[in-house]
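Peer 1: Chains A and B are the protein sequences, given in the same order.
Residue 871 in this note's numbering sits at position 87 of the first sequence; the count goes up by one each step and never skips.
Residue 373 in this note's numbering sits at position 359 of the second sequence; the count goes up by one each step and never skips.
Source of the hints: derived by calculation from the structure; they are not laboratory data.
If a hint is listed, it holds; no wrong ones were tucked in.
Calculated cross-link-like contacts (lysine-lysine; reagent style DSS-like; alpha-carbon spacing at most 27 Å):
(1) K811(A) / K851(A)
(2) K219(B) / K851(A)
(3) K851(A) / K85(B)
(4) K333(B) / K851(A)
(5) K333(B) / K787(A)
(6) K843(A) / K333(B)
(7) K320(B) / K843(A)
(8) K311(B) / K811(A)
(9) K333(B) / K811(A)
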Amino acid sequence: MDKYIVDAIVRNRLDILNRITSLFIVKNLPVHSVMFSATAGNMAIINLICHCPDEDIMKRIINQANKIVDISEIYYTKVFKFDPDKE
Amino acid sequence: MAETQHISGADALIRTILNEGIDTVFGYPGGSIIPIYNRLYDYTDSLHHILVRHEQGAVHAAEGYARATGKVGVCMATSGPGATNFVTGIADAMMDSTPIVCITAQVEADKLGTEFFQEADMIGITTPITKWNYQVTRADEISTVVTQAFHIARSGRPGPVLVSIAKNAQVEMCDYVYDKEYAISQVVQVAPRKGGQARDEQMQKAVDMLNNAKKPLIIAGQGVIISGAEDILARIANKACIPVGCTLLGRSCMNFHDHYYIGMVGMHGNISANRMTNEADVILAVGMRFSDRVTGKVSTYAPHAKIIHIDIDKTEFNKNVHVDVRIHGDAKAMLEKIYEGLEFVDRESWRRYGYESYDFEKESVIVPTLGSKSLNMAQVVDAINDHYIERVSQRKQKEFGENVILVTDVGQNQMFAARYLKLTMKTGWITSGGLGTMGFGLPAAIGAKAGRPDAEVVALCGDGGFQMNMQELGTILQNNISVKIVLLNNSWLGMVRQWQDLFFDKRYSQTHLINPDFEHISKAYGIRYRRVEKPEEIIDAIEEMAATKGPFILDAMVDQTNVFPMIPGGRSIDDLMVK
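Make a model of the complete structure from these sequences and hints.
Peer 2: Here it is, written out as structure tokens:
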């Protein structure tokens, strides 16, 4: 499974973490780490690390997250493992 | 600047509901919500509260109200068990894109998380099944949050919103001002990324594909009805000679007698619509989501077709089926743009192909079912067309089906209704599609009638689903709601029995029902009742129902006829069963 980092700018609301992580739970994907930092203007930044077997599933999750009220911006980065033996 | 008033949180809630144009709410009081009901006592002239018998009835009634009126449905319940009884209805509204606002009370803010009497974490419980939810802990939040709730419920792809109001917030005083513009400006949402130019390119591509197609097909879903795109859909079909199939929830998006209407797609859909899906070279899918009940086996679905998908919810694109052209926007606005570029192409032979398939279905399924010597659901539904819808339309000097709302429950009754009812784009059609909630029919019909008292509302229920929310007969009694109930009673959980019959070696495990005497139940609730057992009795009974002013229960003792044609779940049109 590939590793992904999800970054989101959200409204600072008590259920927003649940709303985002439940998108992963419903697809049976583990969320390994979540970081939440409040910012000015009642907003917050969320950084989430997860593993996913298929990038298409990640795209769908981000697409769905885009629909959640209270999310201003969300995107993911795929983490590539550099393996010197394969070079 | 709007006027500021010093009022309680409960008052603020009721005034905001009224300011949102809502005249009817459905609910059931309890400990934590008493302050709201206490204030409601002073608003009985302006806000009509319908006291249901179970909170699930309230939320389904709110769904029925919303679907019948196009407004937002509102339901209220107390904390704990009252609120958790909303859960099924909220999930139903989420799946079927129904705009409702659910107000639930909560224990006082300082008692949250202490396992207080009747405390349940409704924000946690409803997060996956709501479009948005909010825990109000202060009275001064109510005006903004409830206004936002209505905006979110009805905007974009509609859906359910839950607002949980702590008891202290209901009684505390606040400076109330209804400022809709400010409230909406505070809603954080992703700004649309695609500019108009990208969509214009997609639009042009779609128009070119449709103009060049030899066998194009339109599949229309509930999005067409929600956006009011029925007229433009019919104009497109007739301008470019494109046959139109519909989904279960989109059944009333086109007149049944339209030259280009070819029936319902999906598991129990018409053979014509399913075969044409299989043969089409271009499919224009509008306001539908390619559910598994529509596609069957995805890998064999529409094998020759390029798919153009119009939807207001861009997460639907490529979710279940690969789409070639994605058009993100309101169905009506997008179809109007497509209409401009469409050219007339003679596709009469393609349309006739659909009609030939229909002739096959008529011969192999429809005529034998309607001609059966024992009473079945199809005969009852067919009789409703000519002896109820026609009769009440004539009486009110309306077009066929205008001012008639047909509500179904879930199961065989729903499938027979969807297959055999003659619906027009002016007929109301309310059913539970995505979640498939048994028990939906009766309370949804009550909600529809409450929202549209001018309309004749018929609820078609099976005996299983009817008994799931039968307590709502009390709501009919107390509020004198004139709903006609057609009980398709075969003493079985018909659809499960059908699957046991076809795929589980006729092992009818726990599907036979021993029913109460519905005549006595009707009498207890003061509702007129008639029982029919033979095909020759049905017309007279339906005419009696049409002539009756108040509520009516028509108890049709039907046989165990299965619904055909059928494409078994996860299979393709090649596996179509007609018997």
